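In order, the protein sequence lines correspond to chains A and B. Going from the first sequence to my numbering is simple: count from 1 and add 1469. Going from the second sequence to my numbering is simple: count from 1 and add 1469.
Because the hints were derived from the structure by calculation, they are not lab data. In this text the structure is predicted, and so the values were computed from the model without any measurement. Wrong hints could be hidden among the right ones.
You can't tell identical chains apart in this list, so a pair holds if it fits in one copy or across any two.
Stated by the list, open to error - Below, in silico cross-link-like pairs of lysine-lysine (DSS-like), each with a Cα-Cα straight-line distance of 27 angstroms or less: (1) K1510 <-> K1565; (2) K1562 <-> K1630; (3) K1510 <-> K1562; (4) K1565 <-> K1630; (5) K1520 <-> K1630; (6) K1510 <-> K1630.
2 protein chains.
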Amino acid sequence: VSRPRQEIREAILTTARKLFARYGISRVTMNEIAREMRMGKSSLYHYYSGKEDLFQAVLEKEAQIFRSRIEAAVEEASSPAEKLRAYGINRMKSIKDLANVFVAFRDDYLRHYAFIRRLREQYDRYEVETVAGILRRGVADGAFSIASIELTAVAVATALKGFEYDWAISMTEEEIERNLDMLADLLVNGIARRECSP
Amino acid sequence: VSRPRQEIREAILTTARKLFARYGISRVTMNEIAREMRMGKSSLYHYYSGKEDLFQAVLEKEAQIFRSRIEAAVEEASSPAEKLRAYGINRMKSIKDLANVFVAFRDDYLRHYAFIRRLREQYDRYEVETVAGILRRGVADGAFSIASIELTAVAVATALKGFEYDWAISMTEEEIERNLDMLADLLVNGIARRECSP
C-alpha cells in the first residue's frame, strides 16, 4: 500500500527540517535526505525539485504554523483590546522562534534573500490585514472608535516590525510581554491624561 | 581684506550645492567649483579635501536646516499634543524635500551608502530624543500620562520612519498633514470609545 503523496511530502519536510537544524543547510545534501527517508534519490526529486525548493517548503511550513498559533491566540482572547495584545505578543514570540530556527539552520541566509523577502512581504500584508480585522471587529462591537482603520493598522504593523529585530535578539519573553502590554495600552487609551475611564 | 574662513566655507557650500543640483554630482568637478568661486583649485582644497568631503558637508547643512525648521515648528506649537503633530508634519515634509534634493543631485547615492547611513543613524537618535523630549514636557505639564516615555518615543519614531518612504513618493503635503492629524490623535487619545473627553 503506498502512502498518499501529501503525506510523503510532509514526512520529507519533517526529515529535512531535522537534518537542516542538526547539520546546517549547506552541509545537508538531497542524497542524505533521501537516505534518511529510505527512498531513492530520484523518488525524492519526484516530490521536491531540489534543496532550495525543500528549504522554501520548510520555511513556508514554519510560517504556516506561526500564523495558526497567532490566530488561535487572537481567537481565544475575549475583548478587542485583549485580541490586539494577544496578536502582538504571539507575533513577537513567533519572530523570536523563527530567529532561533535561522540560527539552527546556520545558513548564510542572504543567499536566499529574494525568497526570504517574498515570504516577508507576504507576512507584512497578512499582518496589516490581521490587525485591521481586529480593529474592525472592535469598531463593530462598539469598543473602538477609529478615524482610519487602514492607517491605524499600518502604523501598528510598522511599529511592531520596527521593534522585532532588537526584541528578538535582546529580550526575554517576559520583557516582550511587558512591553507589549504597554504598547497595547498606548494604542487603546492614548497618552492624554484624563480623570474618567473608558 | 580677506574674508574669515568660516564665511568662505559657507560660500563654497552654497556654490557646490547649486552646481550639484544643476548638473548632478558626478558631472561636477572640483575645478568647476573653484572656477565658479573665482578661486584657485589649490585654495579650494585648502577648505575641502575633495568632492566627497564637500558633498558630505552639503548634506550635513541640509540636515541642519531641516532640524532647525522642525525645532522652530515644535517650539511655536502651544500644547504638547500640538507639538507632537508639528513634529510629525515638519519631519515628513523635510523628508519629502530631502528626497527632492537627492533627485536634483541625480546621483547613484548608493555609492555613498556608508556615509548616508551614518547621517541616517544620527537622525534616528535625534528623532527618538526629540519625541521623548516632547512627551516628557507633556508629562511635566500634566497633559500626558505615559507608562514608558522611551518605549513610546521609539514606537512613534519607528512608525514615522516606516511611513516616510511611501509618503514622500506618493502623497501631497495636504495628504501628509491629514494623516499626521489622525496619527497624532491616535497617539493622544487612543482608539477606545469613550463618552467623556480628556
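A quick look at each hint next to the structure:
For a Cα distance limit of 27 angstroms, the shortest separation of K1510 from K1565 qualifies neither inside one copy, at 34 angstroms, nor across copies, at 56 angstroms. Proximity of K1562 and K1630 under a CA criterion of 27 angstroms is satisfied in both settings, with 13 angstroms inside one chain copy and 23 angstroms between copies. Proximity of K1510 and K1562 under a CA criterion of 27 angstroms is satisfied in neither setting, with 37 angstroms inside one chain copy and 59 angstroms between copies. Both within a single protomer and between protomers do K1565 and K1630 lie at most 27 angstroms apart by alpha-carbon distance, with minima of 12 angstroms and 23 angstroms respectively.
Taking the shortest alpha-carbon separations for K1520 and K1630, neither the intra-copy value of 29 angstroms nor the inter-copy value of 37 angstroms comes in at or below 27 angstroms. Taking identical chains as interchangeable, the C-alpha atoms of K1510 and K1630 are never at most 27 angstroms apart, the minima being 41 angstroms within one chain and 49 angstroms between chains.
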